[in-house]
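Asker: Taking the hints into account, I'd like the entire structure generated from these sequences.
Protein chains: 2
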Amino acid sequence: MKLRAKYLGIETGGRPFVTLSRDDAYDMGVMGGDRLKVNAKGASTTAIINVSVKSIPKGVLGMSDEVWTKLKLSQGAAIEVEPAGTPDSLSAVREKLRGRKLSYEDMRRIVDDVVQGNLSETEVAAFVTALHAQGGPSMDEVYSLSLSMVETGKQLGLKRKPIVDKHSVGGVPGDKTTLLTVPVIASLGLTIPKTSSRAITSAAGTADRAETLMPVDISIEEMKRVVEKTNGCMVWGGAISLAPADDVFIRAEFPLSIDPLLLPSIMSKKKAVGAQYLVVDIPTGKGTKMKSSADSDHLGKEFMELGKRMGIHTQCVVTYGDQPVGYAVGAGLEAREALSAICNKSNIPDLIDKVSHVAGTLLEMTGYKNGAKAAIEAIKSGKAEKKLREIIYQQGGDSEVQPDDIEIGKYGYEVHSDRDGVVLTIDNASLVSIARAAGSPKDKQAGLILAKKLGDRVKKGDLLYTVYSDKTHKLAAAQKIADENGVFNVADKREMMIHTLKEAPVRDRKHPFILER
Amino acid sequence: MKLRAKYLGIETGGRPFVTLSRDDAYDMGVMGGDRLKVNAKGASTTAIINVSVKSIPKGVLGMSDEVWTKLKLSQGAAIEVEPAGTPDSLSAVREKLRGRKLSYEDMRRIVDDVVQGNLSETEVAAFVTALHAQGGPSMDEVYSLSLSMVETGKQLGLKRKPIVDKHSVGGVPGDKTTLLTVPVIASLGLTIPKTSSRAITSAAGTADRAETLMPVDISIEEMKRVVEKTNGCMVWGGAISLAPADDVFIRAEFPLSIDPLLLPSIMSKKKAVGAQYLVVDIPTGKGTKMKSSADSDHLGKEFMELGKRMGIHTQCVVTYGDQPVGYAVGAGLEAREALSAICNKSNIPDLIDKVSHVAGTLLEMTGYKNGAKAAIEAIKSGKAEKKLREIIYQQGGDSEVQPDDIEIGKYGYEVHSDRDGVVLTIDNASLVSIARAAGSPKDKQAGLILAKKLGDRVKKGDLLYTVYSDKTHKLAAAQKIADENGVFNVADKREMMIHTLKEAPVRDRKHPFILER
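The listed protein sequences correspond, in order, to chains A and B.
If you want my numbering, it's the position in the first sequence, counting the first as 1, plus 210.
If you want my numbering, it's the position in the second sequence, counting the first as 1, plus 210.
Wrong hints could be hidden among the right ones.
With a straight-line cut-off of 30 Å between C-alpha atoms, the simulated BS3-like cross-links for lysine-lysine are [what the hints assert, rightly or not]:
1. A/Lys212 to B/Lys620
2. A/Lys247 to A/Lys268
3. B/Lys247 to A/Lys690
4. A/Lys555 to A/Lys593
Derived coverage of chain B by chain A (criterion: at least 3 residues anywhere in the stretch with Cβ under 8 Å from a Cβ of chain A; other residues may be distant) [unchecked claim]:
5. 217-228
6. 251-264
7. 304-315
8. 340-347
9. 466-478
Hints listed in this document are in silico derivations from the structure and should not be mistaken for laboratory results.
Cβ atoms here follow ideal geometry from the backbone N, Cα and C, with glycine treated the same way.
Answerer: See the structure below:
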């Protein structure tokens, strides 16, 4: 069938679609969700069909930006279309829906089509949901998916050894461990090409924190250059296509609050940067996704098993996650605290302890006798600070930056204790909501600083934490959340009552505990 | 945040969306798939967010036709937007993903949001997939879904008794039973407000067949008027919103070849037309979805159980589906055959037998002693023909139409037997492919007519079937399929070999066996 091309001015983030009139769809015997092959002068592509009753007249084919760009069309250009069969990978998706285990070939087909946008939103969602509903992919499937995701992405291609990496599955506010671990490791001669994510639901991601100090949205070529100069980097992983299928899977998993592709997602990106040694941090406890260390051990074993198959020596550290790491929560405030700690200008014992274990584990995996000691020594000696400044410089930031240069929001709201006692619990999720309402991670000055932590004795009237923002309306929104939620539980002894149920409880937070990847 | 409105000229069939720049999305802390509340002068709505890197500049909000129309905007109009929370129904979807049984309130919330377009394609697909992967909804859930789908749709509101209905889950080519059953029933004084579907993957749906005789795309008010005049009607159900959620669910289920919402889909529409008595035809056998009568009995029991809960007396007829009903396959050719049979101008024994059982069951449910006999008598006496002509007249068709007025494609391709023997099998799926390639259901003259049926003795050279089309290129395409597929298996005895496997077999047809609803 011959149609005229129309540019719709919409992109879908890699999933090309076309829209045609109901009459033309009926004529061709196609319906919404089917595929159409579009042939233009010298080029051809396949796209998923959207059927229009009203906005597209008979004889016209509306095109998403992806299709338009690929075919290099001009408005009204003549094109020829025909129904395209369903991709092979859809058969594999349907097999998965039937509960079958999929082979490497099946998974590779699916990942190929996901990357090329050949599977519709419905089909990707069904694949992800089926994996989840069937208790998660098997280890063979996890391995097949991981390999496929590496093979369909870019690779860093460093010619160095050993290359190490670290990852945290997240869940703890204020976790600025990476900002110290990368320079510690790099200062000791190991190569650590670190990519990080931005916050989705948390108060700040490592990329948000690092961005306070230096540009993080840089190309893979730039990243490689920085690592070759300094042994390390801190780069936003979102734009460098290490495992492009992952972005598509995450768009399906995230609204559903499920993550059956967690392991392939993380490990494919580690493989793509060439990691040979990896430590995975699994924060555990109330307020994180991993409620018990048994759960964390189980997840850790899966990481190690997959690492073995992929040729990445992997160890895990299961860490306390019941309260923020350090005192600061919020992108800029955390960077400030991390910088202060690495410059030996303040003492943040839990942060330094965590860095010593994460970095120490990596160091011992590559031959050090006492890794934790070596890590602490790298900080104390100033080597780590020097290395951080090198990385900042190479990534285009101000290598002379001092903690006080990082501004804190000019409006503050203090929360005080209404009784004497000991801090028994701190509600991580409420702290995150408060920091986000205050403006983090976008407003780098926004967030909060704790005055007390778990186990601290407090008197009535003592400061518990201060919320900061540069905008009064954001501070007011954060204040409202702080006032409505008992963030700190201060008591003399464990009280038995958690809460009473008087009406049907709200069952779900917006995006409950998504592991980071 | 204040933005300017831009019309995108794309509709999504009821799922409103907006597209905004990555910068604005980051500023508001929203991502693709989240919801945005859009406030314009005097109106407000919520839409799902698509994030654009390229085609939408900062400060602009692109809108799908649904949003644009609802807000009555003009190009460049000032609008105010803010992040909207996730709908309550998404919590229920997530509960389902965790394997929980959902309450009526949960299901109602989901169906409400499905109808209003508040759940994204990903979320609807996940819901449908989870229902399927967990072994289908429980009967309580089926009932909750069915009620919710009735309550969110239109109802016919006939003030008559008794109202009866029939449904076939499909799968047999050439099944023109409804074209005779409706006039038979209506001629005997019962009310049968029949809605039907068009073909999706079959050679013709009942709406396609009926359309050869009369307009079927009529409003619900028109439908009601026709039924009040004649006791019956034959209307396309696709545009009258009896259970609008169903259209959305089908768009997710269809590409996945799953149908966990089959029962609610069918039964909600029966309830919406006020049916008190229902017979469900379940064609069974090779070439249909129901491979054994045990499977069919199981499905039938579910229909009856659900019918009981919904106040619809339901019985099922399990029928042979190994070969086409009658001789004609293709929208117009089937209408011609049905008209010829109801006019007593030709003898199609299996068609009349099936009608006598389907109509007869309904008649006996409402008090007749021998329903099959009454049904046959209605045909023989000419009462059914008279009633059909009344319905045709009231729906705006030519009530004087004769079988020969319905044209058959002027080009034909004959297929002859290459050996002596008995017809042992006829491949329904190949016949459907051939009829569709010839142009059915769109080209009403296209299709095929069998010369032999199962059990018939044939001699080498005997005509088996003839393919008809009005277009030589379509006939050629159909001929190719006919030549490549052994549609008829003619042999002297059951031969043991089915086929050999020499390479990995193609595992999936395009849309394998979707039950009709």
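Asker: Hints first: check each against the structure and report whether it holds.
Answerer: Each hint, compared with the structure:
no.	hint	in the structure
1	A/Lys212 to B/Lys620	holds (25 Å)
2	A/Lys247 to A/Lys268	holds (17 Å)
3	B/Lys247 to A/Lys690	holds (21 Å)
4	A/Lys555 to A/Lys593	holds (14 Å)
5	217-228	holds (count 6)
6	251-264	holds (count 5)
7	304-315	holds (count 4)
8	340-347	holds (count 4)
9	466-478	holds (count 3)
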